[in-house]
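K.L.:
The residues making up each chain are set out below.
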Amino acid sequence: MTNEFWQEQRSALHHDWLKNQFLVAHLRPFIARLAAGKPDPIRLTEFASQDWMKWTTNRSELIRLLDTAEAALSPMQLLDRLPLSACTPETKVWLGGLVHVLWLARNSIQQKTIDVETAFAEADVRYQALDPLLRRPYNLDIHRLMQSIPEFREFERAVQRLSDCIHGLPHSIQVV
Amino acid sequence: MLSCVNISIYDHDTKPVNQSDKALPGPVANLMDSIELKGSYTWSLKHKASLADVVSCRIAVVHVSGTDNELWQSVCVPHSDVAPGPTIRIRASTVGKQNVGNGSCEPYVTKDSVICLSLHQSFDSSENAPSVSDWQEILGLLCADNLLAIVSGDRARWPDALRKYFCCPPSTSLLVALAVLCQGYLAMHASSDGRPEGVKNGEYERVSEALESMGWVTLCRGGESRELLIEALMTDDIASKSARTELRREVTKGGGDSWKPLAEEKDLVIRFSNEWLLIESSELPENLKWLINRIADNKSIDDPGKVAQAYLDLVGALEAK
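From first to last, the protein sequence lines stand for chains U and D.
Residue numbers are given in the working numbering: position 129 of the first sequence equals residue 360, and the series is strictly consecutive.
Residue numbers are given in the working numbering: position 58 of the second sequence equals residue 59, and the series is strictly consecutive.
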């Protein structure tokens, strides 16, 4: 995956969906409605049937984005572009490997990707735990949902951490 | 001078969402509060505009998704306001330089004479959005003289601030490629415990500094990094002493394989100088000029100290970019 394509994917999945839609526009208002007491069942159903399940549909894309981060952000990609694409295959092997590990050493990239994966795993576990409460959108147990506000808040914090970690990954190829 | 111009502001993040009136932060969020604008116009901000408002106004700041070019094009039509004057559309998005749909963020004028500007920065969070003072500067730039300069396409007439916000960052592909090749060269003049190797006494300090800067020393400190190094350098051949000696000979000799991609470029020195001028206001530093000339002339690169200094100069310039 090229760096440009990866950055576009991140923008669509992270900024447009995870942060602005899932977290800010839907999850937080949902929790606020529960916390305010006497929530409108129609709005809860709307959230459960449309917004909540987007986590499941976007999950695999998000995992793929995180799995490909190191390769897509690496300066090794420069060996596939002019002028360095004109290097001999032998040079590309040793020079590509070298600039990649130097980049890892300079930027703690592997720690950052571990942090993102850990944040994702935590958010995903919390999602799976809460999912049964919202799996039947037209037959929600509102009392149970209100009892679970602390768990929803924990999930919200986990999603925020995930968002911060994804944002912390480089926004361009860094050579120096 | 024009006066009492309405600026229409459309922000797809900041508009009310569903049942909640809570506004979301977006690149244009800071513009949503009333701000005093200085410049050739007297502004009246039309907050939280609808798309219909955008089309009717002469000047509009529009935040649309980086990929929603259809929406962007739909607002880039001449204004329906009765007042005379140019129609200006300023696009802000989280994607930044891909704003205008053709992969470029350069200002352009449509066939209907609409002046389209695009903020080239990528705004991935509300913290990175332009501040109130940024917006004051951005909007204050849209005076008649600057608009004429934009339309004329004569970049020399553009004030620096206009370039800062509305031009793509300069291409530095040659400088970046040279930095990569310098890393390869310097790594072949270093031992696997992080120290310079095969360099003269007088060069030791500069090469050490360059190795530190490029991450070699961190890499060689051991643990996982050390394993990564061995893995990356192909374990049984390139990491071995004989293979590295061979590679050192290769990167040092005139016309060696690793420098060839640059040596084969036409007008190398001029093109390097032009790229350098885009990010630094000075001439090419002496050691960098020496290195580029050696590459262009297929001469041996036999001075690790000079390469180290050239690399450090590149780091300084590219980091500041």
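It is worth saying that the hints were derived from the structure and are not from the lab.
Note that the structure is a prediction, hence the values are computed from the model and not measured.
Fair warning: there could be bad hints in the mix.
[To be verified] EDC-like mimics (lysine to aspartate or glutamate), calculated; alpha carbons at most 20 Å apart, straight line: (1) K323(U) to E204(D); (2) K254(D) to E321(U); (3) K322(D) to E107(D); (4) K201(D) to E251(D).
K.L.:
A separate judgement is required for each hint: does it hold in the structure or not?
P.N.:
These are the hints, each one checked on the structure:
Proximity of K323(U) to E204(D) is assessed by CA-CA distance (about 28 Å); at most 20 Å being required, the pair is judged violated. With a C-alpha separation of about 16 Å, the suggested pairing of K254(D) with E321(U) holds against the 20 Å cut-off. Restraint check for K322(D) and E107(D): satisfied, since their Cα atoms lie roughly 18 Å apart, inside the 20 Å limit. The suggested pairing of K201(D) with E251(D) holds, with an alpha-carbon distance near 19 Å, which does not exceed 20 Å.
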